[in-house]
Every structure is written in C-alpha cells, then in structure tokens.
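Chains as they are written, first to last, in full-length UniProt numbering: chain L, 1 to 445; chain H, 1 to 445; chain C, 1 to 445; chain B, 1 to 445.
It cannot be assumed that every hint is accurate.
A pair counts as met if it fits within one copy or between any two copies, since identical chains are not told apart.
[To be verified] Computed list of lysine-lysine pairs in DSS-like fashion (alpha-carbon distance at most 30 Å, straight line):
1) Lys202 / Lys13
2) Lys81 / Lys54
3) Lys420 / Lys221
4) Lys73 / Lys5
5) Lys335 / Lys202
Think of the hints as simulated: they come from the structure by calculation, not from any bench.
There are 4 protein chains.
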Amino acid sequence: MNDLKQEDFEVKKLGKATLVSPIYKNYAEEEISNELFIDESRKIVYDASLSSYKNTLESGAEPISFLKAGPRKDIYFDPSKTKAAIVTCGGLCPGINNVIRGLVNGLYYRYKVRNIWGIQYGYQGLIPEYGHEMKKLTPEVVKDIHLFGGTILGSSRGRQDISAMVDALERENINILFTIGGDGTLSGNHVINEEIERRGLKIVTAGIPKTIDNDVNFMTKTFGFDTAFTTAAAVVRDAHNEATGAYNGVAIVKLMGRDSGFIAANAALAMPDVNFVLVPENEFDLHGEKGFLAALKERVLDRHHALVVVAEGAGQNLFDHEDVKKDKSGNIKHKDIGVHLKDEINKFFKSEDIEATVKYIDPSYIIRSEVAIPADSVFCNDLALNAVHGAMAGLTDFVVGRWHNQFTYLPIPAATASRKKIDVNGPLWWAVLETTGQPLKMKDE
Amino acid sequence: MNDLKQEDFEVKKLGKATLVSPIYKNYAEEEISNELFIDESRKIVYDASLSSYKNTLESGAEPISFLKAGPRKDIYFDPSKTKAAIVTCGGLCPGINNVIRGLVNGLYYRYKVRNIWGIQYGYQGLIPEYGHEMKKLTPEVVKDIHLFGGTILGSSRGRQDISAMVDALERENINILFTIGGDGTLSGNHVINEEIERRGLKIVTAGIPKTIDNDVNFMTKTFGFDTAFTTAAAVVRDAHNEATGAYNGVAIVKLMGRDSGFIAANAALAMPDVNFVLVPENEFDLHGEKGFLAALKERVLDRHHALVVVAEGAGQNLFDHEDVKKDKSGNIKHKDIGVHLKDEINKFFKSEDIEATVKYIDPSYIIRSEVAIPADSVFCNDLALNAVHGAMAGLTDFVVGRWHNQFTYLPIPAATASRKKIDVNGPLWWAVLETTGQPLKMKDE
Amino acid sequence: MNDLKQEDFEVKKLGKATLVSPIYKNYAEEEISNELFIDESRKIVYDASLSSYKNTLESGAEPISFLKAGPRKDIYFDPSKTKAAIVTCGGLCPGINNVIRGLVNGLYYRYKVRNIWGIQYGYQGLIPEYGHEMKKLTPEVVKDIHLFGGTILGSSRGRQDISAMVDALERENINILFTIGGDGTLSGNHVINEEIERRGLKIVTAGIPKTIDNDVNFMTKTFGFDTAFTTAAAVVRDAHNEATGAYNGVAIVKLMGRDSGFIAANAALAMPDVNFVLVPENEFDLHGEKGFLAALKERVLDRHHALVVVAEGAGQNLFDHEDVKKDKSGNIKHKDIGVHLKDEINKFFKSEDIEATVKYIDPSYIIRSEVAIPADSVFCNDLALNAVHGAMAGLTDFVVGRWHNQFTYLPIPAATASRKKIDVNGPLWWAVLETTGQPLKMKDE
Amino acid sequence: MNDLKQEDFEVKKLGKATLVSPIYKNYAEEEISNELFIDESRKIVYDASLSSYKNTLESGAEPISFLKAGPRKDIYFDPSKTKAAIVTCGGLCPGINNVIRGLVNGLYYRYKVRNIWGIQYGYQGLIPEYGHEMKKLTPEVVKDIHLFGGTILGSSRGRQDISAMVDALERENINILFTIGGDGTLSGNHVINEEIERRGLKIVTAGIPKTIDNDVNFMTKTFGFDTAFTTAAAVVRDAHNEATGAYNGVAIVKLMGRDSGFIAANAALAMPDVNFVLVPENEFDLHGEKGFLAALKERVLDRHHALVVVAEGAGQNLFDHEDVKKDKSGNIKHKDIGVHLKDEINKFFKSEDIEATVKYIDPSYIIRSEVAIPADSVFCNDLALNAVHGAMAGLTDFVVGRWHNQFTYLPIPAATASRKKIDVNGPLWWAVLETTGQPLKMKDE
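Model the full assembly from the supplied sequences, consistent with the hints where possible.
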C-alpha cells in the first residue's frame, strides 16, 4: 500500500453547511458539549505505528488519514424538507434490518426527518418497469425488525440503468440515498453520484458496505461478519460431530469467502477442532506429495477423522479458467470448491483403498439469513447513525468505515478499489496454522 | 391395525429372576415403597379409547397391551459379575450420547454394575478384523458427554456377520448388549438374539430405537425428534428470510423423513411461515393443473415469495423406479427430491417466463449432529434407565417404547414390523393444511 | 384418586349443534374424510393400565373417561355472526402469544370467524373503570407474535366483579370467551359461566390452563413447561460453573414450583450436575443429623462444591405459618425459600468454621418471559385449535387437556379441583435421587 | 490524559533474549517470513488522530506509544527447561477457560514448553496452608474447556502473603506466572514482580486483564465483555416482556458495571427497548422535578410500561457513604442500587397513588458464568498467545492490551492506574440517549 495518496481519501461535500444541527432542539443548547461535534479537520491516520510516524516526520509529508465520522454542528439539509430513501442490494447478510432501523431512527429522532422511504428489491425498485412500490418507513415500522434476519425491503442483484435511477430520484424528490450493498452496489452508488453531479442535483448518496466476507479495505470490520463466524462456528462443531461419528470420517464445511478467508479462519479459531482451513489467500494443490490430499490422508490414518473448512473462493487454481462466468452482480462465478473437494476426496480414498465417510455441509444461506448478534446489532446502529450524520452534513459518494476503533468516512472509490485479504505472514493466519496443525504450504513449488 | 395379536407384544425373558434389586442397597429396605417396582402383570393397553374398551368388553377378548417398563424387584443378573456393552449404529441423531450416559449411570449407580464397555464404530466393533478396540465406560468418562452431539463411540452402517458378532460377545463374556440404532440395527439385534438362543447363551440384548424421523410404531416419540424439529424450525425461519429477501423468492428446505414426514410437519407448525409441506404420506404431482408447480406459481404471483419444506422421502413417485438402490443399512436410497425440486422449479418458472430466485437448503447433517435439547435429554435418560431395568431383569430381544406417557417394553419384531406415518385425515396433517394454506391434494385423480 | 366419578368429567354443552362445520367450505365436501370429525361418543379412558381394564370388567362399572377434543361436524355458532374474545391473566408463561395466535388463526381460517378481540390486562379489561380498550385481532396482527415471549394483551392478577364482567360480555355481544390463565383465572371463568347460565345467555367460555409449574390434574403437560425447564437447565449449568469456580462453592438456583417441583426435577435431570433438588412434595429439615445442611456439608467437604436447586414452594414447613398471606390471585404467598436457604447455609458454614462461597440465582422472570421453544410452539397451537373446536361446537365451562397423547375437554372444576404433584415413589423422583445422589429423606422421623 | 508520560508505558524485560524462537522448528527456516516477528522497535501510538500527529510534530516530542505484541525472533527462556503456571483470580467472567486453553496450546505447540501447571483457587493456590494442589495442564486436558463457562482452575478473591507466594514460585521452579484477573490480581502480580526483582529471580509474570466491565484503560476491549452484553441483551428483552405484560409494568435489570456502565449501555443499544440506562458516569437524583422518578412517572403514564437498566455502580451518590465497606479483593462494596431502586420505585408509585407492577431481575451470576461467544473465543485465544510470546521473550510485569486493533504490551501499573469510563459527551452515550429517549440530565443543578 505504498502508493496510497491522501487525495484518494478526501470525501466530497455537496455544499457549505449552514443549518444548525437539530440535536440542539431536543435539549437546551447550553447543555450540549461542543466535544460532541466533529468537524472536517478531525482525521484518523491510516498507519498508527510509531515508525510510520517517524518516517513521515522525516519526509515532511502529511500522513494518509481518513475523515472522522460523527455529527456536524452545521448541516446541509433542512430536516423538515428532506426526503431520504434506503435501498438494500445483493445477497443477505446479518444486520441489514439493523442498519435500516438505525438509519430510520437516526433520521427521525436525531434530525427530525419525517419523510423516509424504503426502495424495494434493490436497485430494481428505482426502475418503474419493475413496479415495486416504495415503502414508507417510520420508527413504528422498524421497531422490531432488528430481531429478524433478512431485509424487510427485499433485495436484488445486478445493475440497472443509471440514468433511469437518477430520473427516479429526481421524480421522487429524494435528497439522500442510502445504499446498503457490496462492491457492485457501491460502484453503482458512485456512478449514480457522477450522474447526479452531471445534472447538478442536490442529492447525496451514502453507502454502508455490506460484505459478509469482511473484505473491505480500510475497514477493520464490516457488519454481519461477527454474526457470520458465530453461526459458522456452531456448524463447524456439528461437522466435528459428524467427522468423529464415523471411522475415517471426513467432514467438509464450505463457508463464505469469495476472495478472502476471514470467516473460515475465524470460525476455525472459535471452534478449534478444525484440521484444515482452505482460503483463497493460500493456494494449494490437491495432488502430489505436498498436496492437500496427502496431508489429509496422513491426518485420517493417524486420528481416523478430519475436519476441513473451505472458503468458497479457495482453490480456484484447481479449475480450468477458460470459462469464467460472472453472476448478475458482476462477481466471478466460482466453481463450487466444496462439491469438488467432496468428490475428489471420495475418489482419492477409494483409489487409496481406504474406507472413509465423507460428509459435506454448505450452511451459506443459513448464515446469511441469521439475526445479527448483539455485537453486530450495536455496530450496525453506529454505522447507520454515522451515515446519517455524514449525509445530513452534505457529504456525498461516501461510505462509513471503521478504523482504529473510530468511525470514518471514505470516498466510495477508496473503499472499492481493492479487497482486504488475510496476510499469510500475519498473526491471524499463524494462529490458524497453530490451531489446525496443517502444513504451512500444501503445494509443490 | 386390526390384525394385531397380543402374542406379538410379549417380551421374551431369559430366565427366572432370583436376585434382589440392588436399589435396596442404597437405602434401608423399609424405606423403599413397593410401588416403585413393576412386575410383569403391569401392562398398558394399546387403545385407550372408551369405544375400544367397550368393544373388547363385548367380544370378551383381552385387549392388546404392552409390558410396562420399570425396575423389577427381582433381577436376573448378579451385578457384581455382569459385563455390559453398548453399541451405536447408523446415522447421527441428537441424544445418542445422552442415552449412552444414561445406560452407564443406570448400570453403575442403580445396579452397581462396574464392568461397562463401549463398542466402537457400530457393529464393526464386534468384528475383530476391523481392529476397533472396546472402550471402558465409567460415570467419569460419560460425565459431560450429554453436552455434545454425535456419539463418543463412533458409528457405522451396514450388516456384519452374525456368528462372528456372537463369537465376540462370548469371547468377551458380555452379558448384556445394548444397541442404539434404527430398523437395520434392531433387526440385527434380533438376529443376534436368535443366534444367542441357538447357542443357549446367557446374554440379553436390549434396543433403544434411534430414528430421527420418529417413525417407530407403538412409540409416541423417539429420542432426538424434539431436537430435530427444534433445529429444523430455526432453519425454516432462515429460509423464510431468504425467500422474502428476493422478488419472487422461493426457498426450499429439505428435512429428514424417509417414510414419514413428522419432522417436516412439526417444523412447519413451529415456524408457520411455510407455504408447502411435502411429505411421503401425501403423494403429489409436479405438473398438471392441480400439481405442485401450479399451486406454487399461484402463491408466488400472489405474494412474491414462497417457502417449501420437503421431507427427503417425499415425491418418490416422481422418479422412475427401475433402478432402486439401497444403502449399506439396507434402506432404499432415495433420489434427492430437494435437488430435483430446485431444478424443476427453476425450469418451470423459466418456462413460464417468471423471474424467480430459488434457494435450496439442506441442513440434514447440522440437525443430526446437534446437542439434545433438555426435553430430549430427560427423555433419553428415561429410555436408557428403563433399558437397564429390563435387561437386568433378564428380558431380551426387546426395545424400550413409550405409549400413553408411560415407558413400555416391546419385542423387537413388533417395533420394526412397520413404520409409523402421518395420518393425512388426522389432526396433525390438518393443522399443517391450515398453517400452510396448501391445497388438500396436489394431484390429478 | 379412587373417588373419581365420571359425572365430574362431563363437559357442558350450550345447545344442539346445527350448523355444518365450515371446514367443508375450503374443500370439496367429498374430499373431507369423516374420520376428521370427533363426536361426543369419543372418549379417552383415564387409566390405560390393563389391570384397571380388568377391574372394570369385573365390577361392570364404566371406566372414568374424558371427552376427546377435536373438530365437530356440526357446530353451534354461526361463524359469520360470532364474536370471540381472548383474555390472558396471571404471571407470564412461555407460549401465551402462541396460544393467542393459534386461537385467532383457528377462528379465522378454520371457521371464518372475523370478529375477534383481545381483552387487555386480564380480567381488568372487562371492567370499564380501568379504561383498557379491547384490541382487534387478525391473522396479520398475530403473524409474528409467537416469536416473542410475554403477552401482547398484557395481564393482571386478581379477581374482578363477576357481574360486571358478564355485563361487559353482554354489552359487547361476545359469544365466546377464551381465558388463558391459572387456577384463579379458571375458577373465575367457571363463576362467569355460572352467571352466564343464570342470565340464560348464549355465551360459552373455554379455558387454556396456564401454569408454568405443570401442576394441572388430568393433564400430562401444560404449555410453557418444556420451555421453562429448558431455560432453567441452562441456568443450572451456569450455577454449576459458579459453584465449581470457588473453593467450597455452593450455588443455589430457585425455580418456579409453588406446589409441585416438576421444573426443578426436570431441570436437574436435563443438566445433571445438581446435587440437591428440594421440592414441595418432599419435606426436609434444615438442621439435625439427617437434615439438609448436614448432607450439604458432607458433599462440600467431599467435593468442594455443591449445586442446589430449590422449587419456590419447597421447605414451607421451615417457616412459622401464623402469618399466611395471599397474593392478589388468591395463591398463598410463600416465604422466599431461596433467600432463606442462602442465609441459613451461610450461617451454618460460618458456625462450622468452614469457608464457603454461597451464590444465589433467581431466574424466575427470565424463565417466565422466554419465547416458547418449538415443541411448546406446536403444543400451544394444538391447544388453541382444540379450544376453538370445542367452543364453536357449543361446549362451555371447559378447558383443553392432554391425556395419553390425545387432546381432551375437561370441565373446569375437574381441572382445578386439586393439583398434580410429583410421586416421590415414582420413576421421576427416583431418577432425581439417582442423578443427584441426595439422601432419600432429609428429615428426622 | 494530558499528563501521560512515555516512560509509564515501557515494559520491563528480564534480560537479553538469546534463544531462537522455536516457531522455526516446525517449518523450514526459509519458509518463515521475517514479517512474522515483532521487535521492540514496533510501537503503536496512543493517539491516532491527525491533530495529535501535528501537535507532536510542532512540539518535537515523541508521541506516547505502546509496545506491539507478537512473537519475537529471539526468546529468553529455553522451552525445554521452562516451567509455566497459570492462576485465575476474582469473580467469573466469560472466556477464562478460553484464555487458559490458549496459554496452554501456545506454550505447548508454538514453543514446545511441556511443563505447564494450573494453580488452583486463585492466589490461595500458592499458599501451602490451603492445601490446593497444582494441576498438570496439557492440550488434552484443555481440549474442550472453551465450550464451558467458569474456570477449570477455580478462583478466589483476596490478597495473600507476597513473600509466601514468591517462595512457592521458587520452590516449584516456576519461570513464568500467568495471572488472569482484575485490578487487585494485577496489582498482586506487580508486587510479586517487585519481590522477584528484589530476590533476583529469573521469573517473569504476565497478566491477562479480566474485567467483565470492560473498564481497563488503554484497552479497547477486555475479554468476556462481548459475551456479557450479548447475554445481558437477551435478559433485557425478557424484562421488556415482563414490563409490557402488566399495566404500568416497570422492569429493572441490574447489570455489572462497578465504575463504568459499558455493559448497561451496550445491552441497551443491542436491545433497544430500554427507556432508562443508569450508569456510574452519570449521576442522577431520585427525587425532585428533574429526578429519575419524575421522568419514570412521565414515561409510565404515557406508555404504561417502562424498562430500566442499571449498572451496579450507578447512583452511589444516593447512599450515605459513611460506612464504606470493601470486599476481599479491596473493591468498594456498593450498596445494592437495584434493590434500592425497586423499593424506591414501589414507594414512589404508591405515594403517587399509581398502580404499578415492579419487577426486578439480577442476572449477574448468569452472565458471569456464561460460555464465551465465538468473537470472545477468538479474542481470548489471541490475548493468550500474545501473553505467551511476551513471556517467552523475557518481558515481565506486563499485561496484554489491545489498541487500534492491534495487540500491545503494557506495564501493569499503566493498566491499573485508573479506569476507563463512558464519555458522557461521546458517541456511545449519545446513542444511548437517542435509543432510550431519557433526559440528558436527571439531576437538579
């Protein structure tokens, strides 16, 4: 990350904020501490190591830093005239309803915005042809939705016509668009923003990154991730029971993780009966002396059961890549490594004349549709509230991030430029190696 | 069930019991109420309806009745010289460890039997060629096992040589063999018993029926069933979230239920967002005006989401039955109705030019490997204790049942003769019809 | 129970049923099996033992039997003109919302009753002075309430003026009153019924017994009980951790059980780390050679931790009974045995100069307010549906029971005449003795 | 915190590290990335804000920074000759067993230390008079302990003679002492260290801060906290059911939080039905126009139910402080604010002639004894592993901290100097204010 430039982290602002934050209106003005408000000079440095500090000192350059999130004293939109809309896109992730609830309550109670709408079924809801009506959102409507998984707004994958969507925003007089979605959704948000700018509209767009894989750069954690590996850990334990329940029992659990294996790694650390964690960051061979199957065989002959956790994006090198397919959201459609592993392991043990029982578990939908655990619930609420603060202050084309335990605002392109991955030389991966006892490399050089 | 004969329900007994039940040894003899003990005259009638009562009265015939389980005042085996063994066979089911724990503690604390062994990996453990050693079991070993799913003894499917197994029992001086397993296992137990009888050995065999499907005749409930539909209900709710998360979202959950749909039915009643419950007891067509797909289409067009729960044995009429396969345990290997439904639904909506999102969840291994919930935990303990009482009293070739809220002893052949099924004219199925709103029949006559 | 008379179990009926059950209306008449319907000749015998059968046979007397619950072919009320009301009284119990949901859906979907109302805050809601408005109930309103503990209608304790309540029923044109409550509530229901009869009104009243203690006679199980001991079992495990966490650690868990110790006994069986179960059915002394404290001391000195589960109604003999108080519902207000035990144990160990750490946990409100587990959820739904069937058929002054795994109708006085208790000579208590290893008696004769 | 000095954050080191980290021994040396190792020059700055950066730049002073935790290339102790001991002190907290497990596995697998012992019942275990034997710890012993709450080593409160404890360490040849405990325990650790230094012994001591209240300075989070507010959130929801179940129902939940209200605040955010959060950081009056009772009355009259969450250390200003008592660990013994509130609320409503039902729940022991949730499980493992790394490298008198999402080493005095508290002008408290709608101040100035 040597080529980071500070300008990549500057968040756009729609205009000069002139209204006074209505937080005052709930309370006597003199009761509000000035410390409560954050202004644009407040930033969090990217690298908090002392050495980076000293390097910067020597070079004289300003360190890369992120805008600190939080309430602004002056706001851009007049709450009494503001209309906000929320859209949720892509696959399910625990916490979406919590974020929706947080947005609605933040707008309603902190800023007295009364005109809040839910766009149904993702970006489709902005395209008249689909006929999905908008849904009025109030604190009463969202009161208990944090107790349910899924999304009360529905979702969809895939792109829609940018111009038609901005037409809809104009037609509906929407001032603030909150998008809850992954890379594709946020890129859509960014392009919508460009179109808004082109048309000179007074509309801001704010994103809350939704990726169960926890792979957003410059964000320590994304919402739903804690719930995901919590749920995954329980399934991993079940799989352990299945593996030990049979002689030479092998259980395989496929978990989410298209490009990054954070869920697989953390589930294995939380429920440390796992013997192999296979992630996209660590290529492996199936066959050969150092390959995975040889290591698995050694384990099975030694202990007569084995537990394998595989991230969906692992082992893509094992497939012939000529026919790369993409799903509606533009993500590369991975071959199913879980099913492939199951088949190959069965074949392998048969060829080795070892009687083994292979069981395969794919809990993806169960995890994605789970209710957010309390830690996620609080986190979602914070993310949503900070998105509201930013949007009301006139910031646009941004996402809410978290860095060094503080909330930040990042320009969407910075957040979507690349993906966060497990550092195979770092402490997370080494903790996995220690827990599993798996070989450092399962690949012939 | 008009052709039931009382002789089918008479449990064999090895010989005259002469020892006094060691329950006395813990307490002063005078403190023990005589009510505590059950003798062979205590029976539970099969049909507790007043009309059956009257019919019997008129006909003069004795009503069908089951032997009541419980401690006998006189026992057959001398605890100080008794050696007991436990074997677990077939697929996982919540509560196996609880049953093992109950057997060990019942033998140890109630009867002072100190020589208790676990046979590893099912009936394989009785065949020397496999080399699975027996595992000494004590209260200390089983202390916390009820907090874990799976089986600490391991399991296996398939038959083994009867003569070789009885050889093993003789060689090891085993007096009591407890088998925890399904139909195949119990039939094995029965044949073992025949061989024991042929050889004139003083060995009894007792079975605890293990079928997550709850399909044992003359038993209100089998262990693990409550846990199974409890876990299934949570998955059903997740699936509801997946279905509502997409426009025209269809979620399919495949649950256990080879011949009987009890898990599917009860999970749907417990989490009543389900729109279709498909069970083996209720044949359906896919196509045609009254077929399932037409009903599904109507539902999806009306509400834009649908939730389908399907038992694994449902819809077998949809498959060409020429190539019937059996698994190792001798059960007919069903074609995968879940995957079939997913494919057919996808094809159907494509052919109808309706954009739908179909999601398929198969939580079978997750359910099977689950820890027993407290209600099951208590039930397993009771089953085990009653198995111990029966075996110590010299009963053999029997299973522990439950009928009219009392524990019973049934001859194995009576328990395995046929399978309990949902009565589609009874209250359970009608409750399902009401909850789902699905058509009474999805089949052209 | 030798003095049972059949006439005590005859359920009153308002009049001759003349309307045809609307179950027909959903389906073609020929499709409905006649087996579905239950008529008044269908009864379940009280005692299903073979010996009772034979005794009856000899004596020529008709056996005691209970009316079988279920849909009647002919109904008494015209659904299109029927108004039903639901009231929930007394303390919380898991499953109340499930019962409400079941009643509403049963009335609405099975019988097409559209006029359903919730009476708020118990019997208070029938007294105009309190000003609690009635709440319209529809399937939409009750859709997700089974996912929450508590009662959406609110509750209250205590009696209200009978005449004023019947005035309210008349004034509101209510035809069916469903009461969900304990002994006091049901007795209220009965007296309301007498007043209705006196006035010659066409109103039926149906009760669903709500007692978390599971102490209703002639009912195998009451709703909420499974959830109660499930939740209690988890707390018992926590208490075990507290007990073992300190040297000579003693943890006390007080559980519900005013007159019967079923929750305490079952929680201890489900989580068998408990060393002492103290229940109302088994009097004990604190002091003396055979008293509880001596037994506790022996245990603590031996293993250095002990876990005590006490039902709230246990040990009432330890209190001076001069000042018996009653709560609003008319129940005797017990002295707090939990706090008393904590104090006495502390005092005792101090007097014995043994350093011990005593921790006291009272999870009552946590258990009472819990969401029903799936097994309870299904059970509540069945109870509710059967209450609807009975009421629509014109039965009155009855409760829905469960006996020999079938649903029954009992006259309210039969259900409230006495309380079900643990038989200390029966298998439940003996399983407790075995699990805990506690002395048979902790009392000097 | 303007008076922080860098020297307060310098961790002592026993001597020059000379041995090569055995991490190498598992793998070929060339396979190990140098990035894996952390040396003493790696530090994390305390304040990651850009403004602090600039201030430092201007002043020329070095910023306050913490030593980064992690494996060192050179270690101080020879694993083959090292003996390590673990002690757990004070009250229970979720995750203690996970930390024990992490320490044992880290020592065993990463460093090949084979001589690991558990000291039983806290510091008492180092005093021969108590007679608590040490317990040999191996990976096999700790295999499944992370699945249980509590501590397998037992715990105790209170101080022990320092000299006698160091005698024990010498006598037993212990090289590394890991202490898991709160302020008192860590202070004990520090004094033990001083005595070790005085005697010139080659013993290091490492602490893992255990405070369920999450109130350790310079640590973003302490272990068990996530689990604590997760469990608390469920109880808060139960309490909501109790509150709404009665007319003018008031439910009070007392949660842990001696000096800091983090658990109360986070539980309320996770389960946002709470109307009042009372914490030590925000003094309140009971009586008076602006007092809590007036605000409660307003709420109850408006909505007819109210939910109050109170931290155990809140409202201490309400008590007469003449008779301050301390517990064995030296903590001030707080008057029970929960019981006090219950009594005062009851009195108040009676005096106001408002019929209200007040229910009080104290789930403290239930929360403390809970199993760690997966997020905590992973965190505990990381803390433990880093404690091992530091100790093996010869660091002493330190605790493992977490700052800016990295693990750090802090000298014990820095960690125990003062307590982290909620900033009532910061975003956490404002989120609470918004969620509850409670007044900013409940106190007359």
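Status of the hints after comparison with the structure:
no., hint, in the structure
1, Lys202 / Lys13, "within (11 Å within a copy, 60 Å between copies)"
2, Lys81 / Lys54, "neither (49 Å within a copy, 40 Å between copies)"
3, Lys420 / Lys221, "both (10 Å within a copy, 23 Å between copies)"
4, Lys73 / Lys5, "within (28 Å within a copy, 33 Å between copies)"
5, Lys335 / Lys202, "neither (44 Å within a copy, 56 Å between copies)"
Hint compliance for this structure: hints 2 and 5 are not met, and every other hint is.
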